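Here is what each chain is made of, one letter per residue.
Number of protein chains: 2
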Amino acid sequence: MSITKRFLLPLAKARLPLYAGVDLGGTNIKSALVDDEGRMVAFHTEPTHADRGPEDTAARMGRTVHTLAQMAGIATSDILAVGLGTPGPQDLARGVILRAGNLPGWDNFPIRDRLAAHCGHSVTYANDATAAAYGEFWVGSGRDYDSLILLTLGTGVGGGIIIGNASIDGAHSHASEFGHIIVDPSATARRCPFGHSGDLEAYCSATALKARAAEAIQQAAGGTLVDAVRGGEELTPILVSREAAAGDPLAMELIEETARWLGIGIVTLMHTLDPEAVLIGGAMTFGGEEAPVGRAFMERVRAEVRARAFPLLAEKTILRYASLGGDAGSIGAAGFARRSVAG
Amino acid sequence: MSITKRFLLPLAKARLPLYAGVDLGGTNIKSALVDDEGRMVAFHTEPTHADRGPEDTAARMGRTVHTLAQMAGIATSDILAVGLGTPGPQDLARGVILRAGNLPGWDNFPIRDRLAAHCGHSVTYANDATAAAYGEFWVGSGRDYDSLILLTLGTGVGGGIIIGNASIDGAHSHASEFGHIIVDPSATARRCPFGHSGDLEAYCSATALKARAAEAIQQAAGGTLVDAVRGGEELTPILVSREAAAGDPLAMELIEETARWLGIGIVTLMHTLDPEAVLIGGAMTFGGEEAPVGRAFMERVRAEVRARAFPLLAEKTILRYASLGGDAGSIGAAGFARRSVAG
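Protein sequence lines correspond, in order, to chains F and Z.
For the working numbering, count along the first sequence from 1 and bump the result up by 22.
For the working numbering, count along the second sequence from 1 and bump the result up by 22.
You may find that some hints are simply not true.
For chains that are exact copies, the list does not tell them apart, and a pair is met inside one copy or across any two.
List time: in silico SDA-like cross-link candidates among lysine to any residue, alpha-carbon distance up to 25 Å [said to hold, decoys possible]:
1. Lys232 x Ser208
2. Lys338 x Arg324
3. Lys35 x Ala72
4. Lys338 x Leu120
5. Lys338 x Ala188
6. Lys35 x Leu261
7. Lys338 x Ala115
8. Lys27 x Asp249
9. Lys338 x Phe216
10. Lys338 x Gly217
11. Lys338 x Asp129
12. Lys338 x Ser219
Rather than coming from a laboratory, the hints here were simulated on the basis of the structure.
Computed from a predicted structure; not experimentally measured.
Sequences and hints are given; from them, build the entire structure.
Structural data, given as structure tokens:
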């Protein structure tokens with residue numbers, strides 16, 4: 023919640039020049055100063071305070087760029103380029119946030135140019151999930167691949183598409199809205215918070231997992247997940263994951279059902295984009311490959327892909343977790359800035 | 023079935039240089055000679071005779087390039103570049119048809135290089151549906167847009183993705199396999215001929231329409247479609263379209279159900295790629311915008327898009343029929359050849 027700073031690679035070991043990336047979220051502003059190989063020299067986080075209005079936030083975002091320079095012991099003008107990622111929907115060409123669900127009252131705010139005014143650099147603007155995908159592509163678990171898609175599973179479901187060092191942004195800045203691809207066309211399908219019926223977000227977000235778990239618990243005979251919730255514990259994906267790890271069948275079923283829906287969506291994306299790699303990131307990754315539940319989740323996704331995809335793609339497409347966690351967006355925004363000045 | 027030739031734009035009016043495009047299908051080889059503005063100077067069709075083996079077909083494909091040159095009164099060496107589109111699955115980088123369903127026994131045939139050997143030009147190789155998308159992008163109903171997807175509805179369902187003069191081919195040459203995106207995940211979903219459950223091809227191909235119509239007719243009380251089929255007429259999409267045009271409710275319901283499934287798939291593609299335009303081509307377009315059934319079909323697709331897509335995309339994305347018909351693939355293959363030599 024408060025301001026945090028991390029000092030990382032010493033400047034003396036960095037490969038110059040340096041780039042700054044700012045990742046604006048509904049809760050926090052995350053900013054990274056990275057070197058030419060994507061290694062972080064400094065990292066800074068502070069609360070967004072979206073309720074203070076966009077201009078206040080933009081001014082503080084500008085100051086974080088100066089702060090990053092100070093942390094590294096350089097002048098802000100020594101930063102070669104600055105990148106920015108924000109939630110959508112947005113108009114990337116105009117640099118405008120149109121109507122972000124987690125930034126109420128910010129409609130049509132020209133965030134790119136306001137940040138530029140406050141930090142003294144022109145700003146390369148991207149969707150936040152696309153920036154995260156580019157971060158993974160540049161230096162994360164996608165660094166060995168020429169093309170990838172990233173699906174981010176959190177409160178909502180987002181994503182990004184990177185093909186050969188370029189992102190697919192769409193004609194109206196609405197590409198890679200993977201949360202809103204249709205996975206269940208039936209009249210009884212679940213709905214996402216945007217009101218879309220049967221889309222991926224209605225099944226694979228943290229919100230969706232909680233809703234499905236609450237319904238299942240009401241009808242369940244027993245088990246440790248049921249006991250925990252009836253005993254007063256808050257129903258969260260972390261609780262479901264904990265009880266799944268402890269062997270509760272209902273908890274594991276809820277997680278595997280999430281994986282099944284995700285696998286269905288991934289098959290559609292594989293047959294549309296055929297990327298070299300599909301990465302899964304965000305909070306809903308259940309500890310990743312290091313954790314039993316994370317491994318079970320990924321294995322269930324893979325099983326659905328094997329059952330539904332072209333055999334050649336099921337065999338060859340890399341399917342793995344993202345590796346940069348919450349740093350991906352700011353690193354990727356810096357990476358887009360770097361790409362914008364590359365020869 | 024036989025060899026046909028069409029002479030079109032006179033050479034004296036063509037804008038040089040000229041390009042040849044060859045579109046290999048399971049039934050016919052279609053070849054076009056086009057000028058620098060994509061206008062056809064000559065067109066040639068002959069049967070594929072896939073059963074004679076791939077080398078025989080490749081030799082005849084090479085001869086069609088010479089024939090096109092003769093038709094135009096130029097030397098084959100005066101053609102600046104040659105393009106080829108073939109069905110997938112294929113390996114575009116290696117120039118190989120892997121295992122095309124309608125070219126039995128052709129597995130792993132190096133079609134690109136064999137055509138090159140027979141026509142004396144190096145050959146630019148593409149997926150046939152992607153070539154058709156590029157043809158529409160270059161000179162067809164997509165010519166005013168910077169990005170588009172084409173869905174081709176025929177015996178199967180295919181498609182292509184063009185963004186800013188480039189195609190999305192995929193890491194394994196399997197992108198834009200729109201027939202195999204999942205639209206119905208249920209255990210009772212229909213299957214496409216590849217065995218995929220609940221994919222778009224299982225609902226929107228001519229094969230699927232016939233299968234759904236046959237089931238509906240078995241259970242129907244009456245109507246002109248039922249009468250026609252019980253009277254011995256062959257059940258085809260054309261018959262269904264004719265009876266829908268004549269006012270048969272069952273026939274129109276079958277067509278609108280096809281449109282509903284197509285709309286669901288298109289929403290997923292819009293939320294993934296956000297193209298400026300979505301084009302629908304192939305035999306299953308029911309006469310297009312000029313015909314009452316074609317208009318009803320498109321209107322039902324648009325209604326599904328309005329019900330499910332982001333409002334901004336439902337409002338702004340162009341949704342229309344392709345315009346080049348069966349010429350799109352050969353023109354697009356020539357267009358890819360032209361692009362390969364552009365500065």
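Tested hints:
For the identical chains of this complex, Lys232 and Ser208 are neighbours both inside a copy (21 Å) and across copies (22 Å), given an alpha-carbon limit of 25 Å. Taking the shortest Cα distances, Lys338 and Arg324 sit within 25 Å of each other inside one copy (12 Å), while across copies they are farther apart (36 Å). In the homo-oligomer, the alpha carbons of Lys35 and Ala72 never lie at most 25 Å apart, since the shortest distance is 36 Å inside one protomer and 62 Å across protomers. In the homo-oligomer, the alpha carbons of Lys338 and Leu120 lie at most 25 Å apart only across protomers (15 Å), although the nearest pairing inside one protomer, at 38 Å, exceeds that limit.
For a Cα distance limit of 25 Å, the shortest separation of Lys338 from Ala188 qualifies both inside one copy, at 22 Å, and across copies, at 24 Å. In the homo-oligomer, the alpha carbons of Lys35 and Leu261 never lie at most 25 Å apart, since the shortest distance is 42 Å inside one protomer and 73 Å across protomers. With identical chains, the CA atoms of Lys338 and Ala115 are at most 25 Å apart between copies only, with a shortest distance of 16 Å across copies and 35 Å within one. In the homo-oligomer, the alpha carbons of Lys27 and Asp249 never lie at most 25 Å apart, since the shortest distance is 40 Å inside one protomer and 77 Å across protomers.
In the homo-oligomer, the alpha carbons of Lys338 and Phe216 lie at most 25 Å apart only across protomers (19 Å), although the nearest pairing inside one protomer, at 35 Å, exceeds that limit. Proximity of Lys338 to Gly217 under the C-alpha cut-off of 25 Å is restricted to the inter-copy arrangement: shortest distance 20 Å between copies versus 35 Å within a copy. When the C-alpha separation of Lys338 and Asp129 is checked against a cutoff of 25 Å, the pair qualifies only between copies, where the shortest distance is 19 Å, while the shortest distance within a copy is 43 Å. Within a single copy, Lys338 and Ser219 get their C-alpha atoms only as close as 32 Å, which misses the 25 Å cut-off; across copies the closest is 21 Å, which meets it.
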